[in-house]
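Each protein sequence line maps, in turn, to chains G and P. With the numbering used here, letter number 232 in the first sequence gets 232, and the count goes up by one each step, no holes. With the numbering used here, letter number 523 in the second sequence gets 523, and the count goes up by one each step, no holes.
None of these hints come from the bench; they were simulated from the model. For every residue, glycine included, the Cβ atom is placed at its ideal position computed from N, Cα and C. Some clues are possibly wrong.
To be verified - Counterexamples of contact, computed for chain P against chain G with all Cβ distances above 12 angstroms:
(1) M1
(2) V150
(3) G335
(4) G518
(5) R544
Claimed, not checked - To spell it out: a stretch of chain G is covered by chain P in this simulated footprint if at least three of its residues, at any positions, have a beta carbon under 8 angstroms from a beta carbon of chain P; those stretches are:
(6) 152-166
(7) 414-420
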Amino acid sequence: MNESLLPVAAPARTRAAVAELLRPHRALALTAFAVMTGSTAVGLLVQPLLGRIVDLAAEHGSVDAITTTVALLVAVAVAQGITAGLGLSLISRLGETTLARLREQFVERALGLPLERVEKAGAGDLTARVTADVSLIADAVRSALPELARSLLTIVLTLGALALLDWRFLLAALLAVPVQVLTARWYVTRAVPLYAAQRVAAGAQQQQLLDTVAGSSTVRAFRLEREHSERVTERSRSVVELTMRGVRLVLGFYSRLHIAEYIGLAAVLTTGYWLVRQDSASIGTATAAALYFHSLFTPVNAALALLDDAQAATAGLARLVGVTDQPPPPAGRSVGAGDVDVTVRGLSHAYRPGQLVLRDVNLTIRHGERVALVGASGAGKTTLARLVAGIQAPTAGSVLVGGVPPTALGPTGVALITQETHVFAGPLSDDLRLARPDATDDELRAALDSVDALDWAEALPDGLATVVGNGGHRLDGARTQALALARLILADPSLVILDEATAEAGSAGARALEKAVTRAVDGRTALIVAHRLSQAAVADRIVVMESGRVVETGTHDELRAGQGPYAALWEAWSDTRGSGP
Amino acid sequence: MLWGAVVGQRRDIALGALLGMGHQTGEALVPVLIGVAVDRGIVDGDAAGLLLWLGVLAVVYVGLSFSWRGSARAGERASVVAAHLLRTRLVGRLLAPEGGAEDGRLHGELANTATEDARRVGGVAMAIIVAVASAAGLVVGAVVLLLMSVPLGLLVLFGAPLLLWLGHLLSKPLERRSETEQERAARASGVAADLVAGLRVLKGIGAEPAAAARYRRISQGALTATLRAARAEAWQSGVLTILTGAFLALVALVGGRLAARGDIGLGELVSSVALALFLIGPLSEFSWVNAELAQGRASAARIAAILDAPPAVRSTPSERRPFEGRLRLRGLSYGSLRGVDLDIAPGETVGVVTTDPADAAALLHCLGRRADPDKGAVELDGTELPALDLAQVRTAILVAEHDADLFEGTVLENVTAASGGQVTAASGQHVSAASGEQVSAAITASGTDEVVRTLPDGADTPVTARGRSLSGGQRQRVALARALAADAPVLVVHEPTTAVDSVTEVRIAAGIRDLRRGRTTVLVTNSPALLAVTDRVLLLDEGRVAAAGDHERLVHEHADYRAAVVT
Chain G
1 MNESLLPVAA PARTRAAVAE LLRPHRALAL TAFAVMTGST AVGLLVQPLL GRIVDLAAEH
61 GSVDAITTTV ALLVAVAVAQ GITAGLGLSL ISRLGETTLA RLREQFVERA LGLPLERVEK
121 AGAGDLTARV TADVSLIADA VRSALPELAR SLLTIVLTLG ALALLDWRFL LAALLAVPVQ
181 VLTARWYVTR AVPLYAAQRV AAGAQQQQLL DTVAGSSTVR AFRLEREHSE RVTERSRSVV
241 ELTMRGVRLV LGFYSRLHIA EYIGLAAVLT TGYWLVRQDS ASIGTATAAA LYFHSLFTPV
301 NAALALLDDA QAATAGLARL VGVTDQPPPP AGRSVGAGDV DVTVRGLSHA YRPGQLVLRD
361 VNLTIRHGER VALVGASGAG KTTLARLVAG IQAPTAGSVL VGGVPPTALG PTGVALITQE
421 THVFAGPLSD DLRLARPDAT DDELRAALDS VDALDWAEAL PDGLATVVGN GGHRLDGART
481 QALALARLIL ADPSLVILDE ATAEAGSAGA RALEKAVTRA VDGRTALIVA HRLSQAAVAD
541 RIVVMESGRV VETGTHDELR AGQGPYAALW EAWSDTRGSG P
Chain P
1 MLWGAVVGQR RDIALGALLG MGHQTGEALV PVLIGVAVDR GIVDGDAAGL LLWLGVLAVV
61 YVGLSFSWRG SARAGERASV VAAHLLRTRL VGRLLAPEGG AEDGRLHGEL ANTATEDARR
121 VGGVAMAIIV AVASAAGLVV GAVVLLLMSV PLGLLVLFGA PLLLWLGHLL SKPLERRSET
181 EQERAARASG VAADLVAGLR VLKGIGAEPA AAARYRRISQ GALTATLRAA RAEAWQSGVL
241 TILTGAFLAL VALVGGRLAA RGDIGLGELV SSVALALFLI GPLSEFSWVN AELAQGRASA
301 ARIAAILDAP PAVRSTPSER RPFEGRLRLR GLSYGSLRGV DLDIAPGETV GVVTTDPADA
361 AALLHCLGRR ADPDKGAVEL DGTELPALDL AQVRTAILVA EHDADLFEGT VLENVTAASG
421 GQVTAASGQH VSAASGEQVS AAITASGTDE VVRTLPDGAD TPVTARGRSL SGGQRQRVAL
481 ARALAADAPV LVVHEPTTAV DSVTEVRIAA GIRDLRRGRT TVLVTNSPAL LAVTDRVLLL
541 DEGRVAAAGD HERLVHEHAD YRAAVVT
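Throw the hints in and build the complete structure from the sequences for me.
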């Protein structure tokens, strides 16, 4: 399963992709960096000024001199505040703009991926990237990036300032670094796999909860309450266990940092004692150095704690870039309006090597013809439909739609509607306009009307503006399928493939939908996979399939009159319906 | 409820609070000790003094490090354990046979309550610990400051809260705005997930470019909103920097003057400046604690609402006994049903045809005792359902609804879920031979054998959550197999074959008839293939029994019936 997941970019490629995204904002990046550096540098004047006040007090100097120094402190605060505000907003503008571009590129490329590829990877892979990975990076950009930038600048400049006071202070402060480096390495090697395990456990718990809660009436009907309670408890317990492991890890991390803090602080104080004794530094300078080091605690801890955020965001970034680096879908030739015939020659297909589900199928659908595909489950109807729609490339043989392989066709021209349905979250009219973005309200109404959906659509709380789909007004199976047919009319393709598009509606709804289907495919070349024979009966031609082969073709009357499988099917079907239609 | 969750973890909370106080005391002492070290060591030029105070600093560091570790660990443990217990209780209530807890709530919302809300209520334990510890840090800092100099101490003690209050005042309107803007940003991610979820549909009509364009528009809208929020946040941070800097300058001014006059030592000046900076920490923790408590209260209210939801039906303890499966509806009125009478003898197979799906739904609710009828009653072997234990009712009458869910596990585990047979996870083998036969018969009768043949690992093929890895037709057959395998004295099946082709449907109908021979079976369906295998049928129209009799006869003689079942 794993080798079929969508690609992940190599670290070098990820860096290159980020550089590419940042290139248009070079000026912004430089300005942001300069302003933040300035802001941090100004902030570092605080400690020497405090040191100066200590010196003035030690000399029992003039009160005015102290007041002047304090006024300077206030000026420093104001300057630092203003530049920090400016710098942080510049940084977030840089990060957010880049992030928006990245996610847009990603979604565009993700939607363009061949369906076969997405299915092989499992739909969860793409969904996880579009939600979890994007929000992971967004969080990093939003909170970690400004904090990290600020902390790193503070650390570098503070160390510089320590060196300016006296280079020996810097040496003393750097005594803490080995411990910090070891601690960071110790932490990251443990944190990355642990946090990955935590995410998996949290996901599993959420999944189990949804599974159990959504299926609660089934759970009660089948008396599975105990089993499901245990399932949830077990998942929750593993979350608890992993959380506590994470807590212990973080605590160990900070305990080690405490050691580093102490080593550095003691060293700086001792150095101060030495330098003062040798008259190389004033008491004020020693105080400033100690205060500098004390003020490093917060940014150092923050920067180190952000390491795993950065690590996680980088991993997420690699997964996004892996998809954005996929080649864009072929521009696609469009099918001419006049000549949409389908030619299938010697078509065979196997999903797994050696297991043929289609064997040497030949079929021609003339322009404007409506062909019904009939046969038992597993006869290969859906596979044939997918191959004609160009979702899958055949193992052997050829499919041509208007003379062109459907896999090379652009996004318009061929439409495939299956029993797999989806209502897009948002206003109903937005959902419909996905099929034709420039459709007028009247066109939307007309499309709904021709599938008998206008009445209920207008009766919704806000009419066509009603928010439907996930989190909105719920539409039942029959309405959802009617919506799919209305989209089909708006998309206005020349070739339509319907794969049991009326199946989920239940028997009563299916009949109404059949009428809608008839109107929706009117005037188009159509291939209809039908499990209700009433749908087959009204087609121009019927193709009967058995174990991957076409075993019979002809009109309803021709086939019924014969002795073949269709006649038998029809008899079984109409028998159960009493007198028949 | 919130209180109960906290009291349940009182030992960890007490331990965490105690150690937390130790930690904060240590943190407050660090700046003081820096000052003392400067004073005794550097100012006096005394190496022994410096070493002594560095030693004291080391002891304080060890103490604060360990107490912090213990405090945080106890706090986190209290939080996650409390959350876990709440989660378990919630799921217990949601799944309780009495039902009623999930009514009117979205599934995602319920799952969220069980994770996020439970976590927030658990988080209150941590908030209490932090509040106690911060208060301790504050007290220690205050005492030290006041001991050094009363005016300086008072300045810091009144100035620091004032500073925080000002910062809070400034940020409040910004916070509110940034919240709504963040919500807008979050929506972009929702839209992307929704588009990916509907990828097949998009590709089916070639709407990928339109979808990408829509996403780009929403993403740009979100970007504008986020930028506004980020800018506001950046300036808020800038203003806070100015306020803190000004406060520090004020402390330095007063402290410097006192030191210049010799009222306080140089070390005390250093300590007071460092303490002023330190005290901002524990003070700002209080606003965090406040926010946590508010969130905890809101979450606790949501959890309590679910735990206290009135049950849909009540269970009466009753003795276990075998049922022969006589089912009787007496003047049943519920939902759209208006006085339905029906008497089903043990072992009979009866079809129920409805003109309105609401009638079918109402009937299924009453038979499965998901709700009690407004008027009339359902009787099983002469006893009204409310007089029986709920577990017994549902074991005796199995209602298999059209949209029943499959669960994570293998196909076989799903089929055997309710058959009483134990499936060992490792081998998937059946322990009980008798129910093994029942299961394989159910698999054949429901047409699941065909499904199993096409799956890569046969009956051991894993099914993902809610059966999403199977097609609609496959799901339906596996669900039917599960219902048949349970071998209930009374089986009520609702539209089991809507996504199955007509040939298979005829096979399934025969399979149900053969497998259920001698057991009471109710088929709520409009499918003629299924109705053809019933002993008799019933037509419900506008909530009443409109016709009853033999399927074949009604198809020929009853126009409404024909219209309902035949195209």
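Hint check:
1. Listed as a non-interface residue, P:M1 keeps its Cβ farther than 12 angstroms from every Cβ of chain G; the least gap is roughly 18 angstroms.
2. The claim that P:V150 lies off the interface holds: its Cβ sits roughly 18 angstroms from the closest Cβ of chain G, which is beyond the 12 angstroms cut-off.
3. Chain G leaves P:G335 outside its interface by the beta-carbon criterion, the shortest separation being 16 angstroms against a cut-off of 12 angstroms.
4. Non-interface call for P:G518 relative to chain G: holds, since the shortest CB-CB distance, roughly 22 angstroms, exceeds 12 angstroms.
5. Every C-beta of chain G lies more than 12 angstroms from that of P:R544, the closest at about 18 angstroms, which supports listing it as non-interface.
6. With a threshold of 8 angstroms between beta carbons, the proposed coverage of the region 152-166 of chain G by chain P is violated, since 0 of its residues qualify and at least three are required.
7. Remark: the region 414-420 of chain G is confirmed as covered by chain P, as 7 of its residues place a Cβ nearer than 8 angstroms to a Cβ of that chain, reaching the required three.
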